[in-house]
Amino acid sequence: MNDKTTDKRISSIISSVNRGTNEPDKQFLEKLREQSATEFEGYVTGSSKKLAKTINFSRWRIIMKSRITKSVAAAVIIIACCTCLILWRSTGSGIALADVLNRIEQVAAYRYQVRSTITALQSRTDLKNTVLISQEYGIKFTSKTVDPNNHETDSADTYLLPKQNSEIFVVHERKMYARVKFDGAKLEDYKEQYNDPRVIVKQILGCDHTSLGQSVIDGITVEGFRTTNSTYGGGFMGQADFEGRPDKADVKLWVDVSTFLPVRVEENVVTKNGMRMHEVSYDFQWNVAVNADDFKPVIPEGYLSFGEVIVPASNEDNAVRGLRAFSSLAGKYPDNLDAISLNKKARKLISLDIDSLNDLADDEKTKLTSKLMSIMGPAFLYEKLVEDNRDPAYYGQTVGPDDTNKVLMRWKQDDGQYRVIFGDLSVKTVTAEELSELEKP
Amino acid sequence: MLKRKLYYDQSWDIDVFCCQLRPYMDKNVEKAIARGLQQGSQQAWLQLYEAYAGPVWRNISRLTGGDSAVVADLVQETFLAAARSARNFNAGRGTLWVWLWAIARRQIALYYRKQKPRMPLDQARQWWAGLDGEKFDWIDAKADMPPDILESKELALLVRLALSKLPGDYQTLLLAKYIDSRQAEEIAEQMGRSETAVRSKLTRARKAFRKVFTRLTTQAPKVHGVSI
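Each protein sequence line maps, in turn, to chains F and C. The opening position of the first sequence corresponds to residue 0 in numbering that gives the first Met the number 0, with each subsequent residue numbered one higher. The opening position of the second sequence corresponds to residue 0 in numbering that gives the first Met the number 0, with each subsequent residue numbered one higher.
These aren't lab readings, by the way, just hints derived from the structure by calculation. It cannot be assumed that every hint is accurate.
As the list claims (entries may be wrong) - Heads up, simulated DSBU-like pairs for lysine-lysine below, C-alpha to C-alpha not over 35 Å straight-line:
hint, chain 1, residue 1, chain 2, residue 2
1, C, K134, F, K347
2, C, K206, F, K347
3, C, K206, C, K141
4, F, K370, C, K152
What the hints assert, rightly or not - Covered, in the sense of this in silico footprint (three residues per stretch, anywhere, with C-beta under 8 Å from a C-beta of chain C), are these stretches of chain F:
hint, segment
5, 7-14
6, 23-31
None of the values given here were measured: they were computed from a predicted structure. All residues carry an ideal CB built from backbone N, CA and C; glycine is no exception.
Same shape as in the complex, but just chain F (with noise of 0.2 Å):
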């Protein structure tokens, strides 16, 4: 055997692991060059800080912070998210908003576009949706990634399917789908995330705001209505929950005078990491003709399944059993509650790698994404606690599963009372002074 025959044999085996391998992501590798510069330089002038670490790789890590795919973020990223909401109904104008939501809630079917830039460290983001909603079958969501040169990219097609209480995420980016199932969480509260107009008056209406009298756009007579209110947490752009709560809002909606329906919605949101998030959603086009197969999901062949995911309902005994589930893997509990961090940390505690779920059967994968999505109901209960303005506090960092007595997580309930999970995970009902005791140091 001459030393080319063993070259050559060698080498066919050492290059299997180019199996599956990628090119560089020159854009990823970019933003690095230009993070990583920082970084040096902060080392060499003494001046460094601690630099967000995460870039947004890539279109994918852009689309799986997002709100669209949240839920099968559920398989990777995730957030459920309940807002409550209180309607105002006058707004000084010539036009009252409840009219205008109750317009939209007339018409049986809808579809517009939306246009996004997405800004963050030096990455920017640009995609291009198409949403159409029927009031009968459901939502379909496509989105399009958009590069300088204009040019589009399938990126995800979303689907949220009310008769059968799910989600169907079909991620062309990575040739994957999944199936999410509302375990006795509300659909209806996943619908903001599609920038849906009724979301949108809603949260206008329950936020100051002003009227910015009468304009034209394209033609049609148009009453615009503005909030600045940074408690704004419409639209498509409820990203914000992924990279801070929204620091500043600018939202603006105009309105047909003549048919009380939208034309145009402006949202400027920027985050408290500093991610600014521009949108505007057009050309609508109310009262078009659907069937049940425009929402039936197109899934190409090829494409791995994730399975069927399950999404905990946000309450007490799912946030334990989340608690129970960290606390038997890691022997501690999660140092906070944040759901990117604990999501991070629990697929990694259950090796939850999802390139190799293509090596799993169904119900493996099923099994699988339910225990992450099992581990992370303490942080879908303390995101609602949140929202919901109950007073939530926890404190992972310094209680561990065997400081019976000491506070782990908190809440206030509807009669001042507190509701208290302890280091045991025992609960209890303490009222704010017995609660002002334990959480002494």
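Model the placement of chain C on the given structure of chain F, informed by the hints.
Structure of chain C alone, referenced to chain F:
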């Protein structure tokens, strides 16, 4: 024992041989970059980055598989860690590539440590055990490995893990020779070594690979898998 440990932790510190083996960079350019880094020149950092970002990505990708998100995380960790320590780079301890790759290897090792339990590895072992044929003749390059086996993802995983467990210089040498198709002459020239010395090192690297691969495929499956 101590040396062995140091070897794994800081191969660039101990093994001068591997210091010469790297993606091509002109020696004068390398010296200029090293000097620039010590002086805190951002331009030098960017030159280093431009030269090595691609190779680091490719090698990490080969050793961890095709999950781009994982590769991106490891590449990011590598370059941020390098940026923090670049000013202290000591050319006497090795080349820029060896220094940078040592950082990357630590990140890869950390990644593998966190990947447990490793069900896919157990599956790959079972797959290997169930194969008919002169398996170790294939690994010894005494016989051709059947194409369907070469194409299998299980083999890719086993080879990847075996490579990951090798010392950095063997790892880099095998990747350069057998994947990047670098000729021994070219490697020898860059190393300032004789071709014979390179071939000798390659022989040792192959032997080490075979040994690790054999150990990997004959070990009983572990609940918590391998650590690297």
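Against the structure, the hints:
no.: 1; hint: C:K134 x F:K347; in the structure: 34 Å, holds
no.: 2; hint: C:K206 x F:K347; in the structure: 34 Å, holds
no.: 3; hint: C:K206 x C:K141; in the structure: 13 Å, holds
no.: 4; hint: F:K370 x C:K152; in the structure: 26 Å, holds
no.: 5; hint: 7-14; in the structure: holds (count 7)
no.: 6; hint: 23-31; in the structure: holds (count 5)
Of the hints listed earlier, there is not a single one the structure fails to meet.
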